[in-house]
Each structure stands twice: as structure tokens, then as C-alpha cells.
Amino acid sequence: MTDNALHIVDLQKRYPTGVEALRGVSIDIKPGEFYGLLGPNGAGKSTLIHCTTGLAQPTGGAIEVFGNDAISDYAEARQAVGLAPQEINLDHFLTTEETLDFHGGYFGMPKRERRERTEELLETFSLTAKAGDRTRTLSGGMKRRLVLARAVMHRPRLLILDEPTAGVDVELRLELWHYVQKINQEGTTILLTTHYLEEAEQLCNKIAFIADGQIVAEGTSEVLAERFGVPNLEDAYLALVGRKELSRSHVEVVP
Amino acid sequence: MSAAQIRFATLWRREVNRFMKIKKQTIGAPLLETFLYISVFGAALGTRIKQLHGIDYVVFVIPGLIMMAWSTNAFTNNSSSILQQKFQGAIQDQLSSPASPLELLLAFSLGGFMRGLIVAGLTFIAASLLVDLPVDHVLVLIPSLFLVGFFFSQLGVLIGVRAEQFDDVAFAQTFILTPLIFLGGVFYSATLLPQPWETLTHFNPVYYMINLVRYGFVGYTEVSITLSLLALAAATAAIFVVNLRLFSRGYKLRA
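Line order of the protein sequences matches chains E and P.
Each residue of the first sequence is one higher than the one before, counting from -19 in this note's numbering.
Each residue of the second sequence is one higher than the one before, counting from -2 in this note's numbering.
Just so you know, nobody snuck in bad clues.
Below, computed lysine to aspartate or glutamate pairings styled on EDC-like, alpha-carbon distance capped at 16 Å:
id : chain 1 : residue 1 : chain 2 : residue 2
1  : E       : K110      : E       : E100
2  : E       : K224      : E       : E206
3  : P       : K18       : E       : D113
4  : E       : K186      : E       : E198
5  : E       : K162      : E       : E100
6  : P       : K83       : E       : E67
7  : P       : K83       : P       : D165
8  : E       : K110      : E       : D81
9  : P       : K18       : E       : E77
Simulated coverage check for chain E against chain P, where a stretch passes if three residues somewhere in it have a Cβ under 8 Å from a Cβ of chain P:
id : stretch
10 : 20 to 34
11 : 45 to 59
12 : 72 to 79
Selected chain E positions facing chain P (Cβ under 8 Å, derived; list incomplete):
id : residue
13 : Q37
14 : L63
15 : P65
16 : N69
17 : F82
18 : H83
19 : Y86
20 : F87
21 : M89
22 : P90
Simulated from the structure, these hints should not be mistaken for laboratory data.
Here a beta-carbon is modelled for each residue, glycine too, at the ideal position from N, C-alpha and C.
Use the sequences and the hints to build the structure in full.
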């Protein structure tokens, strides 16, 4: 048992198809940290997140969230986690308001608290005017905002963001990051996966590279760049995926 | 209310909310369908058949129609609800909550159970206004209807969890459930059938359910009430245990 927000030891996941998505992943995320998990598609990022949130069942290893087992005796661990998944997975039968209210209910929030928190989040995410609209009628950006609002509805101590800004416009991306940075400063631990390296560089205290189901490097962006012998995080990532030739550091600026 | 009670009530409320939002389809259509059966088989055929085993034909038919309304609605609701949520990915919100497999299973089951109860209840009220419908053995009728409702709720959950496309649900309903119900003696007495059909009817589990409900209403049965009740209770318990194992393993719900 540790004091870490997330403590993962030797996590393994083999799907029934035989695919080994995670091959002994171990990471520790301290309370209050903004932790980035970077890697190419299929590296195991989403599987790691699914194992942590109960959406996938690990075939080996251990996961603790704030010292609580997240695999077998998972109630306390799941109570502490909020998930904004990569795919928008809103319930088409619910309205915007109901989406938040029901989520709060699943996490045991009393009615009054749910009502107050729903109002607060609708306001924060500029969704008040859409409170009574069915989720399927919302625009893509609104759906993305609602997914994040739902993830924080029950005030999780660990917020997991799985590529939350994929396909969103610049304005919305900045809005989301401002909110996430704010709650991080207030004490919420963040685990972020993203393909936008500059975002990870700006936001995260610590970054891990995952490839082929294994953590291959971990540290600050400076440490990672040094580890790969390159000037920045992007080049370190390109070195990881074996595409150094794409480095923008090699591009000569024509006067 | 405790957090666990709030959670369970919300999970259940979500299921009821779903079918109440489309009540023309989930309540109105089945009611109309039942009344068409009463009109065609009861009123129209009843003028020719008059009585079966000393009971007015329309009265003989109505208990089976009430049972059919409860069972098909319970089944359809749960199988569709689970499959739709799996398709949308919305089920992840419930699966990543602290809810236990038992809480999830009961909540999904009770959604269909409630829809069946509402349609069957409305059918009973309307039928009572149209004909003189007796309730001879209420102590047999209530447990029988509740067990039938719960059995088909569980069956709907089982098919919904196993299904990978809507065709799977439609297949189970059209090619298994409907023939079993229609050939179980809703509209006739098995004693009127020639051999081997009369004997074959005794291998149809729905035949015993219809007899239980018919006995509860009009006091007529072709089977042992005690044995049928025990068999129905055992079958319901068995399918519940199977479903609970599937939910505990995360079968086709968690990766």
C-alpha cells in the first residue's frame, strides 16, 4: 500500500485474441501531479487506463488508487477516479443535465449535491443553455465538454484524460486546459494521454513514454530529451517511434 | 439514503427513464398489440368458440395475454437497453462506477421488469373494464407473474450481454421467444391438440407459465401448480446465477 495517487506494478493485459497490450507496466503518480503518458497508437495507453478504471480486466499485476486496490476490492478506488475517455460515449437517451445527474448518482452523490454540482458544471462548461437537450443533438465540441464535465462531476481525486482534445478546435482546447490546470492546482491529480506533444510539455510535471506495452522512459521533458540525446520532447518521441528523420530540428530556415 | 442506495436507485432510474422517454414505442405499442389480440382472438373468435373448459373464450385468453405482455416487454427492454448502451459505449459510465456486478445486474433486470409490470398492469385494468375477469387465486397469481417477469428480465439481460448486433436480439425474440409463447397455449388449451403436439407442448416451459397465470385468474390448469411454481422459481434462480457470473467476469462487458 502506498500514498501515491496511482501505483501500478507489473501490469499485464493479454486479450483473448492473444494480443499482449501491456507487458509489465509499472508507474507511480504522486498526489497532485500532472502526469503525461505518451506513445504511438496501439502502445497500450488506453488499455492501461481501462485496467485502472475497471473497463478492462488485467491478466497480471496490481493497481492501487490512493492506496486502494483497483482490481478486486475496487469500490473505493473507482470512487476516486474520473474518466474522460477517448471516444465520446454519451447516452443518447439522456439530456445534458441528466448525463451529469445520473453520473453523480452512480457515484452515490445525494440529490441536492448533484443538483448544485450539475448547475455549477453546466455553467463552467458553457452548457447551461443546452441543459434540457438530448446529448445526440449537441455539437462535437459540446459533447467533448460534456464528457469532461461528467468526468469531474463526482469530484474525483484522480482525473484520467484519454486524448481529450483529439479533433477539437483551438479555442475549446485552451478552455479545457485552463479548467484542467485549475483543478490540478486545487489538488486533483491528472493522468493525461495525448498526441499533442507541446501540450504534454507545457502541462505535465512528469511524462512517460509507452511503447509495445512497456514503459520505456520516464521523467520531465528535459530528462527525456537528454535520455534520447535530442534537443526536445518531440525529437525524443520521434526517436522512440523510430522516425528521427521527421525531426523539425533538422529543417533549415531559408532567410 | 446511503451512497450504495443512491447508486442502485440511479442505475434503476436510468433504465426506467430510457423506456419512459420512448413510451409510445415501449408502452403504447405493446398495449395496442395486446388489444388487437384480445379483439381478434377474444372477441372475433370468441363468437364462434364461446367457451373452453367452461370458461368464456375471451376470459380464457386474457391471462395468457397478460403473461405474454409482461414477458415480452421485460425481455425486449433489457436486451435492447444493454445492447444499445454497449454500442454507444455509454455503459462504460456505469461499469467504471463503484457499482458491484450484483447492483448492475439487478438494476438492468428491474428496468424490463418494470416495463412489463406497467404494460401487464394496464392490460389487466383495461381487460377488467371490458370483460368480467376473475382473480381466483391471488396467492398463486402474484408470485407467478413476478417470477415470469423476473425470468424474462434475466433472459433479456443474458441475450443483451451476449449480443454483438441487433440481429442477435431480433433472432432470439422472433425465432425462440415468440414461437414458445404462441405454442405455449396462450390462445388455446393443449388438451385440444392432436398427438404428438399435445405431448410436445409439455416440453415448452412457457406452457407451465401460462397455466400458472391462468390458474391464478380463472382457476383452470392442465399442470401441477406446485411443481410448476417450483420449476419456475428454480429456472429463474438458475438464470440469475448465470447472469451474475457473467457480470462478475465482465463477459462481453469489460475487455
